[in-house]
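Residue numbers (our numbering), protein chains in the order written: chain A, 27 to 192; chain B, 27 to 192.
Treat the hints as calculated values from the structure; they're not laboratory data.
Worth double-checking, as some hints may not be accurate.
The calculated label-pair distances, taken between Cβ atoms and stated as ranges, are [claimed, not checked]:
1. B:N105 with A:T165: 23 to 31 Å
2. A:N105 with B:R93: 47 to 55 Å
3. B:D96 with A:K164: 28 to 36 Å
4. B:N105 with A:D174: 43 to 51 Å
5. A:K132 with B:G98: 19 to 27 Å
6. A:Y139 with B:I134: 43 to 51 Å
7. B:G148 with A:N105: 34 to 42 Å
Bear in mind the structure is a predicted one, so any value in this text is a computation, not a measurement.
Just so it is clear, CB atoms sit at the ideal spot from N, CA and C, and this is done for glycine as well.
Protein chains: 2
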Amino acid sequence: MSDNSTFVLKTIGLINTPYVESAPYQPLEENDKEFFVVIDEEYVEGLKDLSKFKYIFLIYILNKLNREPDMGVIPPWGNGKTVGVFSSRSPLRPNPIGISVVKLKKIIGNKIYISGADVFNGTPLLDIKPYVKDLDSKTDANNGWIEDSDDLEHLSLHIRGIPHDY
Amino acid sequence: MSDNSTFVLKTIGLINTPYVESAPYQPLEENDKEFFVVIDEEYVEGLKDLSKFKYIFLIYILNKLNREPDMGVIPPWGNGKTVGVFSSRSPLRPNPIGISVVKLKKIIGNKIYISGADVFNGTPLLDIKPYVKDLDSKTDANNGWIEDSDDLEHLSLHIRGIPHDY
Numbered sequence: 027m028s029d030n031s032t033f034v035l036k037t038i039g040l041i042n043t044p045y046v047e048s049a050p051y052q053p054l055e056e057n058d059k060e061f062f063v064v065i066d067e068e069y070v071e072g073l074k075d076l077s078k079f080k081y082i083f084l085i086y087i088l089n090k091l092n093r094e095p096d097m098g099v100i101p102p103w104g105n106g107k108t109v110g111v112f113s114s115r116s117p118l119r120p121n122p123i124g125i126s127v128v129k130l131k132k133i134i135g136n137k138i139y140i141s142g143a144d145v146f147n148g149t150p151l152l153d154i155k156p157y158v159k160d161l162d163s164k165t166d167a168n169n170g171w172i173e174d175s176d177d178l179e180h181l182s183l184h185i186r187g188i189p190h191d192y
Numbered sequence: 027m028s029d030n031s032t033f034v035l036k037t038i039g040l041i042n043t044p045y046v047e048s049a050p051y052q053p054l055e056e057n058d059k060e061f062f063v064v065i066d067e068e069y070v071e072g073l074k075d076l077s078k079f080k081y082i083f084l085i086y087i088l089n090k091l092n093r094e095p096d097m098g099v100i101p102p103w104g105n106g107k108t109v110g111v112f113s114s115r116s117p118l119r120p121n122p123i124g125i126s127v128v129k130l131k132k133i134i135g136n137k138i139y140i141s142g143a144d145v146f147n148g149t150p151l152l153d154i155k156p157y158v159k160d161l162d163s164k165t166d167a168n169n170g171w172i173e174d175s176d177d178l179e180h181l182s183l184h185i186r187g188i189p190h191d192y
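Let the sequences and hints guide you as you build the complete structure.
Structure (structure tokens):
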């Protein structure tokens, strides 16, 4: 066992979304609804030049949990299969940290307008990082156990949040 | 200002790298050196099916800092330019969280062997998430302010950690 270190992190802003009762499993690019991040005033200077990036990482606390983390989870895309929590994006993890890659639309003052984020309204933000194509876009990546699905093409529509009627 | 919430997170393991005195700015795929993550035994079950992914996110605490965070930083790739801290991957941020996308080589027990990670030996790990191609690989991403460089091609070698002699 590693040392028992704990770390105290603080909210730097809030993520505003239309999701109050339920949220999608992954970011959907819903252009008809408003999604924005509000940064605490003391951090606004830290946004300089961010708008030059097309995508950013949001790092946040998954604070709407009502169950304890479990080492095994049953993801929505797995046909009932149980996978390890670290093989999933489940919010029920030892540290309830979430990350999402979202499209940056514009920044006005302390508001960052983004494409759809798969989080509840009022989610506490911990950090923003630029998504740097040369570092973060791995074109030879795969979809792991998700590829075991019998119907990967259909599943891929769910994952990418593309509406479909079958 | 948002509410003053703070959150306590805990170490779930440690990242082992050859970097003791200095670390590269970004992950290099150094196949001649050993990089691995050791997960605390209580979390090993959470690794089930992870090895099906080619890439994973490591989320960790940047705990080797000796300066206070600043809203403006001068990144190594910016020709002396100052950018906002959230437009950079600088470790000197309001919350010292780091994320790296690394290649997963193999998992043996509680050890995850990975390609090069740009962190110091003994870095405390907070979370592991699968890098899911359909979610996380944005092929239309850009390199933001980094593209303002006069010599982007050269800079890109630095960013991607590709050795070169000019």
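- [ ] With 23 to 31 Å as the target window, see if N105 (chain B) and T165 (chain A) comply at their CB atoms.
- [x] holds, 28 Å
Task: D96 (chain B) paired with K164 (chain A), Cβ distance criterion 28 to 36 Å - done: holds, 30 Å
Task: Supplied distance hint 43 to 51 Å, evaluated on CB atoms of N105 (chain B) and D174 (chain A) - done: holds, 47 Å
TODO: For the range 19 to 27 Å, tell me whether the beta carbons of K132 (chain A) and G98 (chain B) fit it or not.
DONE: holds, 21 Å
Task: Supplied distance hint 43 to 51 Å, evaluated on CB atoms of Y139 (chain A) and I134 (chain B) - done: Holds - the Cβ-Cβ distance for Y139 (chain A) and I134 (chain B), about 45 Å, lies within 43 to 51 Å.
Open item on the list: Quick check: does the Cβ-Cβ distance between N105 (chain A) and R93 (chain B) fall within 47 to 55 Å?
Closed with: Since the Cβ atoms of N105 (chain A) and R93 (chain B) sit about 49 Å apart, the hinted range of 47 to 55 Å holds.
Open item on the list: A range of 34 to 42 Å was offered for this pair. Does it hold for the Cβ distance of G148 (chain B) and N105 (chain A)?
Closed with: holds, 40 Å
Of the hints listed earlier, there is not a single one the structure fails to meet.
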